[in-house]
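*Asks:* Single-letter residue listing:
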Amino acid sequence: MAKIILIVDDSESIREVVSFTLETEGYKVLVANDGVDALKFLDGSHIDLIITDLHMPEMDGITLIRQVRQMPAYQRIPILFLTTESQAAKKMEAKEAGATGWIIKPFVPAKLIAALNKVIR
Amino acid sequence: MENFKKKFVEEAVDLLEGLEKSLLALEENPEDSTLIQQVFRVMHTLKGNSGMFGFDMIDSFTHEMETVYDLIRNGKLRVTRAVLDVTLAAVDHLKCLLDEENYNDANVIANHNELLSKVKLLTAEEPVITTNVTNEWHKNSPDEEQSKKEKTYYISFEPIHEIFDNGTNPLYLIEELHSIGQVTVFAHLNKVPPLDELNPEHCYTYWEVLIATSANVNDISDVFMFVEHDSTLEIQEIADFNLLADELFVSELTRLAATQKDIGLTTVQNLSKNLISKKLSEKIKEFSKDQPNAKRTSISSIRVSADKLDKLMNLVSELVTTQARLSLFAEENSTPGLLPIAENVQKLSRQLRDIAFSIVLIPIENMLTRFQRLIRDLSQELGKEVVFITEGAETELDKTIIENLADPLMHILRNSLDHGIEDKELRLKRGKPAQGKVSLKAFYSGANVMIQISDDGAGIDPDMINEKAIAKGIISAERKLTKREILDLVFLPGFSTARSVTDLSGRGVGMDVVKRKISDIRGEVEIDSELGYGTTITIKLPLTLSIIDGLLVKVSDTFFIPLLMVDKIYAIEHEKIVNTFNNVVVLDGQQVPFFYVRREFDIPDSAEKLEQVIVVNFEEKRVGLIVDQVIGEYQAVLKPLGKYYKKQDMISGATILGDGTVALVMDTNKIIKLFAKHEVFTMKED
Numbered sequence: 010m011a012k013i014i015l016i017v018d019d020s021e022s023i024r025e026v027v028s029f030t031l032e033t034e035g036y037k038v039l040v041a042n043d044g045v046d047a048l049k050f051l052d053g054s055h056i057d058l059i060i061t062d063l064h065m066p067e068m069d070g071i072t073l074i075r076q077v078r079q080m081p082a083y084q085r086i087p088i089l090f091l092t093t094e095s096q097a098a099k100k101m102e103a104k105e106a107g108a109t110g111w112i113i114k115p116f117v118p119a120k121l122i123a124a125l126n127k128v129i130r
Numbered sequence: 039m040e041n042f043k044k045k046f047v048e049e050a051v052d053l054l055e056g057l058e059k060s061l062l063a064l065e066e067n068p069e070d071s072t073l074i075q076q077v078f079r080v081m082h083t084l085k086g087n088s089g090m091f092g093f094d095m096i097d098s099f100t101h102e103m104e105t106v107y108d109l110i111r112n113g114k115l116r117v118t119r120a121v122l123d124v125t126l127a128a129v130d131h132l133k134c135l136l137d138e139e140n141y142n143d144a145n146v147i148a149n150h151n152e153l154l155s156k157v158k159l160l161t162a163e164e165p166v167i168t169t170n171v172t173n174e175w176h177k178n179s180p181d182e183e184q185s186k187k188e189k190t191y192y193i194s195f196e197p198i199h200e201i202f203d204n205g206t207n208p209l210y211l212i213e214e215l216h217s218i219g220q221v222t223v224f225a226h227l228n229k230v231p232p233l234d235e236l237n238p239e240h241c242y243t244y245w246e247v248l249i250a251t252s253a254n255v256n257d258i259s260d261v262f263m264f265v266e267h268d269s270t271l272e273i274q275e276i277a278d279f280n281l282l283a284d285e286l287f288v289s290e291l292t293r294l295a296a297t298q299k300d301i302g303l304t305t306v307q308n309l310s311k312n313l314i315s316k317k318l319s320e321k322i323k324e325f326s327k328d329q330p331n332a333k334r335t336s337i338s339s340i341r342v343s344a345d346k347l348d349k350l351m352n353l354v355s356e357l358v359t360t361q362a363r364l365s366l367f368a369e370e371n372s373t374p375g376l377l378p379i380a381e382n383v384q385k386l387s388r389q390l391r392d393i394a395f396s397i398v399l400i401p402i403e404n405m406l407t408r409f410q411r412l413i414r415d416l417s418q419e420l421g422k423e424v425v426f427i428t429e430g431a432e433t434e435l436d437k438t439i440i441e442n443l444a445d446p447l448m449h450i451l452r453n454s455l456d457h458g459i460e461d462k463e464l465r466l467k468r469g470k471p472a473q474g475k476v477s478l479k480a481f482y483s484g485a486n487v488m489i490q491i492s493d494d495g496a497g498i499d500p501d502m503i504n505e506k507a508i509a510k511g512i513i514s515a516e517r518k519l520t521k522r523e524i525l526d527l528v529f530l531p532g533f534s535t536a537r538s539v540t541d542l543s544g545r546g547v548g549m550d551v552v553k554r555k556i557s558d559i560r561g562e563v564e565i566d567s568e569l570g571y572g573t574t575i576t577i578k579l580p581l582t583l584s585i586i587d588g589l590l591v592k593v594s595d596t597f598f599i600p601l602l603m604v605d606k607i608y609a610i611e612h613e614k615i616v617n618t619f620n621n622v623v624v625l626d627g628q629q630v631p632f633f634y635v636r637r638e639f640d641i642p643d644s645a646e647k648l649e650q651v652i653v654v655n656f657e658e659k660r661v662g663l664i665v666d667q668v669i670g671e672y673q674a675v676l677k678p679l680g681k682y683y684k685k686q687d688m689i690s691g692a693t694i695l696g697d698g699t700v701a702l703v704m705d706t707n708k709i710i711k712l713f714a715k716h717e718v719f720t721m722k723e724d
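Taken in order, these protein sequences are the chains called A and B.
Everything in the first sequence is counted per the numbering used here, starting at 10 for the first residue and increasing by one.
Everything in the second sequence is counted per the numbering used here, starting at 39 for the first residue and increasing by one.
Extracted from the complex, chain B is given alone in its bound form:
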């Protein structure tokens, strides 16, 4: 049962998230009947399930909510802001109730009661409709203490001819009677028509049954609950003891049944009178069922714990590494038959890797509801009208990335609302629509996912930032910075652009933390803003985190360059490099600035005549990195460097090669930035 409970909680969390989404959508279209239906359905499901798993508070609460939405869907109540406010508060409360530990928390209970009364208030304004639970087909038999005393009942049961049509088999009902008492059954076939008039799909039989049982009339009529409307049923008590224990009574009945069409209640009653003095008891027949082993077929999707997924990813990573070793070994040792096997393993592990990756990818949509809620609450709090537009919600990302992305995105959105979008009056004065617009757009771009958050608010004043940065001593007054460089300053620690710290900013963190958090998941963040027209923040993220394709290159030691950074590879003569002016080479008729990696690393020049230029993309430009040689393509399983190497930026990790040696993974963007600084530095020195 504990297991089921856990499932229920997981499921309820999903349901509540979906509910929140529906509610926010409902706020936009309060008349949308599909949405109202959805909300009702969630309340309904929660009510049904929570009761079963012992979440009584949820049960009673959702019951009230269901009533509200039942009224709404029947047009008896309107979706108002008050209704939505209460419902959203209810969602939060229900989430809290999913943790059973909260059941004894006084605050939670107080909140529960307060909300309950609020919910009841919603319906009280309307004519109260009694939701009278009339269980027509199914009467919940009360668990009252049943008298052990057996009684005898007479049952006459005549189903309608079409009883088979809805899947009912009356014989099962008769059979079920056997399970509640001692039974004598008389089946009457006298209504069966002649063969030429007989419809084989109809039921012509009717039954008379005498049952001796300790169950009451309700229990007996329960047996027939599915056919109440499809049959004529009569149940009558004829004796307060077990008549069927009397052999004479039974044999007399049997004789009558054989001679008469049907026995009839009066006959039975008369017969019973003769036997009133006799009382006997007999044991109830017990039916045991065979229990063959049953197997369940699978469903279209299953829930797996995140732990297991992490383990799977880890193992796949290890497998890919091991496979690389196998491939290398197979190449070096020409054992017949080994190479095809190695190739097959390579193919399989690639496929396995791809599938394992796709498993941990989840759509961005999963976090959108949270944002919608944030925008809703915030805009209310700030008294601003804001519409939130999302695009590309189906874009998928590694779950670890999604998990780590939510906070920074929340912060960016918070900033947009707090500092970006202006007050209504100001917007109107500036000729903008009163309603502000914040959009979140996600899309694929090569091996990256881009997330763009834009607002049509006030934008950022670069002069103000510059001023402030100088005032804070972050930059020197003499330095002339481009607009982009100025905007990038907001990502520096200790930089806050808001003139006054509002309640909201106090809650959050600086943009530097946003940047750091995004860097942690190998993402990059960029800001673009036009004063008076709004701000756009673009986040570039890798699709996955742990395995990447890349080039193995040699610069004295072996290094690894992620393939998605690589544009083209050229061979170049060493002399050409030595003789260039200003570190620029001409490749395919284009001038490409380059860095001679050996020199940057303070390693003596290579003795080889021919070297390789790897042209990589760097901030929309092409930059060459000159290495000794390219060893080949390689699939790297990224392993983090130890904490002693945390301070350096150039190397983003390490990977273990097939032969067991380690290759460092170059972060080309950071390496080039660093080289470029070094360049400036050395040039100044010159």
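With the rest of the complex left out, here is chain A:
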């Protein structure tokens, strides 16, 4: 069974590139525009990994993962940030909110896949 990855990013081009990269690797991809949109997918159904942007309209990444960690079904799900933000303080905030890891944009596909391999197989 292909692993299911939820991508949350308000930028369509990023969504497209990330999903293209992941699909090439054989993952099944779900996409959401922002935190609020993402929550629609998180209805208890099976998801293997969430990749989210940090700054988004409606609901930002940190608020999103705080909420995700509250849900019994997703308490242990790996969550990666994919963002241009590189401030250490922000990272710590994300980490405390429950993020698994952090990937800096711009990224090359190989790097994304490498990061992915750290959290799912």
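These are calculated hints, taken from the structure and not from any lab test.
Don't take every hint at face value.
Said to hold, decoys possible - These stretches of chain A come out as covered by chain B in the derived footprint (C-beta under 8 Å, 3 or more residues):
(1) 15 to 21
(2) 81 to 94
(3) 102 to 114
Said to hold, decoys possible - Just a sample of chain B residues kept apart from chain A, beta carbon distances all over 10 Å, derived:
(4) E55
(5) D130
(6) L357
(7) V383
(8) I440
(9) A444
(10) R468
(11) A507
For each residue, glycine too, the CB sits at the ideal point set by N, CA and C.
Take the given structure of chain A and dock chain B to it, following the hints.
*Replies:* Relative to the frame of chain A, chain B by itself:
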């Protein structure tokens, strides 16, 4: 990749438009942190995305802009006019940079550098904050030339008990080590507590790993980048060759691991000393992944090219026409079962039509930013203070209409600012607030959308217009015109009310062009003005362009009258018409002027005793049009008439009926205007 690039550009255009809007709003409320955040976010997104798609100039530029807005949002810099001016100029520049052809343009590059230095100047006044990119979790490994030589490292990795809580699975990290080199792993379970003390959600295992790889220490620590803060990690080089290739070494290690709690770095180092003379290489295991076909689920909205939409609309139009033929055929041929099918097709095509229509409707908001920008720039240029108020921005219109509306609206706004709103001193002298007001209001009115642009400026002096029109020979001095008729004169070609042609008017076109452009999209424009109090221009637009509901009527031939013009239909005896005085009939107790269409068209009177009066709305009045008979309601797909018929006004198009014949579409407003002129003419002749 080209495809992604195109997406990026489209998206960036949207982002920049939104940015422009935020900036203009920010000018009103420079302290609004939400807006500052928005601006920052756009710069941030652009920076991130542009780098990925090879728009290096945008990348470097937005990086600087981001720095500025980062300072602002942290309260270290204030939003000043200078900041906004530079940012707005930056928006224009970024738009230009989206076209890769501009990258080699010397002007663009000069502008780029000039703006960059301006942006840097903004931040230079403030204490410079070094945005030191410290990638705590993720170290960008430099693409330096890696030595092919394998080395052996000792890794001790002990995660904190709560490592599972943030979704980390340490086993994956160990597994990843396998992908960068030859690995021997020892997992130690001696810290696992007795069962009654064990928390199943905690991790008690720790690992010792020996890895032989050509990767360097940084590459190895990259594997653990997500858990740096959640584990004790030690990485040490123990040999500059592959120790693991030595069977003796490995078996000794395994023996030690089985007897001791953990092996420890010193033991490993000692062991390695014994094997220093041996060097062997082995191939790195390669892991291949299965690639099952994955399917993407859809997102809530998609982007479709305007081309496809046009094609869709065209096809829907054709479908509606074909469906009309089917309905007719079904009525004429009583094949069992055919009628229900025809009715179903009719229902479906109506629904399809409605949906297709709603797809091409876009809110007026889409063009507002442009106007706000225009007002901002113009008021600065003219030294006038103007506030722009919009209302009903959510009102939706056909995209073709929106596209064709922007120019005329720009022109009207330009006029309002240039000729309408007075100078500050003059306004104060006239007892008006110093700040002028221009408003754009959009709302639905039946099947129309109304757009009203008002200003509280000087207004138009009808006497002056009259004077001027006479001077220009547009009207004769004897004719007494109503105020409305006078104001309508400004729409005539070659009419300019401004006493002196300013820089701005020189740029624009006359109001006649505005009117023509609006007529092109089946709209009407009206002007109302009170001297000293301001001017209001009202534009009435149809919701859509291509398909309309209407009545099929017979006047010797078949004609089509748009339903939204029709008020009521009455039957009338032919005699009554012949015997009326002054072309007025009494319908429902009201006097209604009428035109006998046959006579106006120079067709002999109908032989039928009973005819139909179609009462249509004409400039807030009711006017009757007498036709032979009403055939029924019909949904017309409008087709333009050929260019040979362009000069006439009465017929706005044609439609193909179910039986394949053509019906001409009457433009009742223009027909009545024409009939009325004819009337005046004939009366004079009499």
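*Asks:* Among the hints numbered above, which are violated by the structure, and what are their numbers in rising order?
*Replies:* none
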